[in-house]
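Engineer: Residue-level listing of the chains:
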Amino acid sequence: MRIGQNFAMLECMSDDILQRVIKVVAEAQKLPIEKVTVDSTFEELAIDSLDGIQLLFHLETEFDVNIPDEAARQVRGIKELAEGVEKLVAQKSA
Amino acid sequence: MSGRRVVVTGLGCISALGPDVETFWRRARAGDSAIGPIRNLDMSDVRFQNGAEITGFVPTDHFDDKQLIPLDRFAQLAVVAARQAVGQAAPEWTDAERRQTAVVTGSCYGGKTSEDEGFREIYGSGTKRARVHPMTIPRLMANAGSSWIAMEYGLQGPAYTVSTACSSANHAIGQAFWLVRNGICDVALTGGCEAPFTPGSMKAWEALRVVSGDTCRPFSKDRKGLILGEGAAMLVLETEERAKARGARILGEIAGFGMSADAHHVTQPSVDGPAMAIERALADGGVDGAAIGHINAHGTGTPANDPVETAAIRRVLGGQADKVRVTSTKSLHGHALGAAGAIEAVATVLTLERGEAPPTANYLGLDPECELPLILSPEGCTAEYALSHSFAFGGLNAVVLFRAYRA
Numbered sequence: 001m002r003i004g005q006n007f008a009m010l011e012c013m014s015d016d017i018l019q020r021v022i023k024v025v026a027e028a029q030k031l032p033i034e035k036v037t038v039d040s041t042f043e044e045l046a047i048d049s050l051d052g053i054q055l056l057f058h059l060e061t062e063f064d065v066n067i068p069d070e071a072a073r074q075v076r077g078i079k080e081l082a083e084g085v086e087k088l089v090a091q092k093s094a
Numbered sequence: 001m002s003g004r005r006v007v008v009t010g011l012g013c014i015s016a017l018g019p020d021v022e023t024f025w026r027r028a029r030a031g032d033s034a035i036g037p038i039r040n041l042d043m044s045d046v047r048f049q050n051g052a053e054i055t056g057f058v059p060t061d062h063f064d065d066k067q068l069i070p071l072d073r074f075a076q077l078a079v080v081a082a083r084q085a086v087g088q089a090a091p092e093w094t095d096a097e098r099r100q101t102a103v104v105t106g107s108c109y110g111g112k113t114s115e116d117e118g119f120r121e122i123y124g125s126g127t128k129r130a131r132v133h134p135m136t137i138p139r140l141m142a143n144a145g146s147s148w149i150a151m152e153y154g155l156q157g158p159a160y161t162v163s164t165a166c167s168s169a170n171h172a173i174g175q176a177f178w179l180v181r182n183g184i185c186d187v188a189l190t191g192g193c194e195a196p197f198t199p200g201s202m203k204a205w206e207a208l209r210v211v212s213g214d215t216c217r218p219f220s221k222d223r224k225g226l227i228l229g230e231g232a233a234m235l236v237l238e239t240e241e242r243a244k245a246r247g248a249r250i251l252g253e254i255a256g257f258g259m260s261a262d263a264h265h266v267t268q269p270s271v272d273g274p275a276m277a278i279e280r281a282l283a284d285g286g287v288d289g290a291a292i293g294h295i296n297a298h299g300t301g302t303p304a305n306d307p308v309e310t311a312a313i314r315r316v317l318g319g320q321a322d323k324v325r326v327t328s329t330k331s332l333h334g335h336a337l338g339a340a341g342a343i344e345a346v347a348t349v350l351t352l353e354r355g356e357a358p359p360t361a362n363y364l365g366l367d368p369e370c371e372l373p374l375i376l377s378p379e380g381c382t383a384e385y386a387l388s389h390s391f392a393f394g395g396l397n398a399v400v401l402f403r404a405y406r407a
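Protein sequence lines correspond, in order, to chains V and B.
Sequential numbering from 1 applies to the first sequence in the numbering used here.
Sequential numbering from 1 applies to the second sequence in the numbering used here.
Calculated from the structure, these hints are not laboratory results.
Idealized CB from N, CA, C, for every residue including glycine.
If a hint is listed, it holds; no wrong ones were tucked in.
Heads up, incomplete: computed chain V residues facing chain B, CB under 7 Å, no partners named:
hint : residue
1    : I53
2    : Q54
3    : F57
Please take these sequences and the hints and turn them into a complete structure.
Structural biologist: Written out as structure tokens, the structure is:
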């Protein structure tokens, strides 16, 4: 399974969450925001494992959520990242 | 004495005395102490107020924002000092030599700045959601200096960090020297790095009651304790044969190394341990105590260290103890703990190379228990051999024997 249970893919992704995720990624990686898109993979953005850990830290701060280790390990790109965050935000407010 | 001759071809130093070796030396040889009020921390709740801080260090002058994320201050200082040393030595590594070059650093604390910041958040924020920065572990690991220097230059030989409190850098330099002398590698980068100015660390030193309320007065009457310092210093070591073959400028030679344990008391020094370390450094270098013309002493300025160090010098050097010229540069750059031996190694190499000796500052007069031929104002130095002492809490001693380079 590529995506952990808590990070299960949602059909409709919130644009607000996507844009906030993109902003966090661009700022953390010191990238121009237009270089980060919903289809970007971590590989394309040169995000290595250490960068990824920091991204999770910043996303936890931005969305006030707890991202489980197992789910986080499966994520390979921005789309999965935003979907996972959206799921966690939804769980929090449920 | 055995094996190959090991020479110093590069020096790097960032300390309270200045951002580079030349500034360090200009102030050190003049006895211009860098000790003053600690400015980068709120010291209002700490009994002591003075330290030897680096001023004007701007990390982004040396690293880009992304490089800085996993780098604690102590590792930043290590890389800055290593760049200076490598810049001077211009080692001309072949690919095969890069795979073999050693990196051995000393650090007492590791990344205390990051650890302190992170733990303050956990224990002090009052929230169950408190977290530490995800780079806290890579920042605080004591081997960060060695690791980042190895990565900076692609050096893949023996690389590690020694942590023996105030002797860390001398243990590191001594082992790097032995690695080169014994043919494990032809080139080594070695030294120490420390950045101890954090709130938690200041309170810990306060509680131990060994930090002076005024300044550092080594071997002086009315000395009240040590003064903490920060910094990093690195040396490029290589075989004499390699340095000569490539026409490198040789700054000095390391001729011997000795170490010992007091096996006595955690903070009270003994004469036996330091004396054995000095004897072993002399034996390792194949010289007699009568050959020693200069000592860069451990000389912390604590009531306990200085008489014991005096007795150890007298026991080993005998009559030469009335002639050897002794200084403690901790009165100038503070006690930089795991970097101390490295900063003092830079001072000792320059003393022998340039024929001028830095004085011990802040001296008020004789303590009969610390009677040594102290250097109290700038003077010339004609010594061929010099010792650099480090005697750590925990009773772990390391002494490096330097020699003025003569082909």
